[in-house]
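Residue numbers (the numbering used here), protein chains in the order written: chain Y, 1 to 218; chain L, 1 to 242; chain F, 1 to 55.
Incorrect hints may have been included.
Listed below are several chain L residues computed to face chain F (Cβ distance under 7 Å; list not exhaustive) [claimed, not checked]:
no.: 1; residue: THR100
no.: 2; residue: PRO115
no.: 3; residue: PRO150
Since the hints were made in silico from the structure, they are not lab data. Glycine included, each C-beta is placed from N, C-alpha and C at the ideal position.
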Amino acid sequence: MIAVLVRDLRLSIRSGGGFGLALAFFLIVVTLVPFGVGPEAAVLARIGPGILWVAALLACLLSLDRLFATDAEDGALDLLATAPLPLEGVVAAKALAHWIVTGLPLTLAAPVFGLLYDLPPPVWGWLLGSLALGTPALSVIGAFGAALTVGLKRGGLLLSLLVLPLYVPTLIFGAEAVRRGADGLPAATPLLMLGGITLGAAALLPFAAAAAIRVNLR
Amino acid sequence: MSIWDYANPRRFMRVSSWLLPWSTALAAVTLAVGLGWGFFFTPDDFRQGSTVKILYLHVPAAMMAINIWVMMLVASMIWLIRRHHVSALAAKAAAPIGLTMTLIALATGAIWGQPMWGTWWAWDPRLTSFLILGLFYLGYIALWEAVENPDTAADLTGVLCLVGSVFALLSRYAVLFWSQGLHQGASLSLDRKENVHDVFWLPLVTCIAGFVLFFVALLLLRTRTEIRARRLKALLARERMA
Amino acid sequence: MPDLGKYAAAVLSAYGVSILLIAALVGWSFLRALRVRRDLEAAEARRDAEPGDGR
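All chains, full assembly: derive it from the sequences and hints.
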């Protein structure tokens, strides 16, 4: 599993996409929103956490269709499927690699982007915490969607149609936690739910994803 | 003789060809009676006025939208566990009906909400959940359309239906948590006397029965089409091979 | 025709939209059923006409 993880990380860094791309996309979305809604600081501070969450979600989606597709094209996925390591483990490792490349940098960078929206320092903590808890779920759910569409020629658009509805609970609890935290309300419930979704998705979805890959390789 | 015998496509075709005209006729009569009764012969509600008549469409459509998803879930599980092709094709045939029901529920709800709540749309838990349900139907149908091999498509959509059900349920509770509602609670329950008066309740139940029968008839028709389409595909493939 | 009062437009449009949607679904299902059935019968006729391997 560690070998798969290291291999995926190395591949994503060498292919140039890697850390930079998702982060750049995140930055662009965050920059574009004020052009759409106007420069009022109060409005931006109000919707800032939600924008950051939606931007993280879209940035996550961006690199998903390559998650298994490149390996399926050059035949590496067939080898991984017949390897002694169970396919569920491969899926989990690849989802983890995806998270390290997209989710983790987004989480760490979120407070900096929060500055653009004039979010006060206490909110940074909530943002950091909720993104750290929630983005792993985005990667695992995305891995499931990518596994469903791995056999398709143009799966990209379909992938977003399949995955985005699945992201709804994560988004709701994530953004709600930040909002409650910012307003000084108790935010333990959404954070716990967010953690629950992440753990449940990480525990169960690799099985569904592996089943989908096996069907697609058949 | 067990229920699984009907999973044989040939047997299903025979039974359904006998069942289809009856269920169609029954559905047509029940729907006509229910909707006609609701539209022409019920009094106006003292607060909602004549808009109460919209509920004879709205409530059954909303119930069917959810129940059809449950039916698809059951059919998908039967396919994944016992590999009966008819089951997978029935799930495929049901999805567009479910999507239409979701659209009807949303559209009639919006038309009803405009005069009653003063808005077409509110980010209310029930409304939002239905929008998400509609998205799930869309994704499910799109996946069926996108995958070439029919068995692969059946497997993938089956898995999606299973996972989607869990997330649809999660979304429902997440959405409840996220916003307080404008929508009234369920008005149909076992202790119905307290909620809805008989004058409205009887035609409503007739309408619900009509929608269920309508679904059954249309599902039979569409499943038969899917089975035929599958056989046609196999025959054409063989022609090309020869 | 019952007197629908001031909400006539809402009630009628709700019924109209629903009936339109249902009619579209039924019509589409029905046409597809006819087409698939015709094509299948044609394909089966072709297969049966084939001088054959006796299947």
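Now the hints, each set against the structure:
1. THR100: Holds, about 5 Å.
2. PRO115: Given a least distance of 5 Å, the restraint on L/PRO115 holds.
3. PRO150: violated, 14 Å
Violated hint: 3 only; the structure is consistent with all others.
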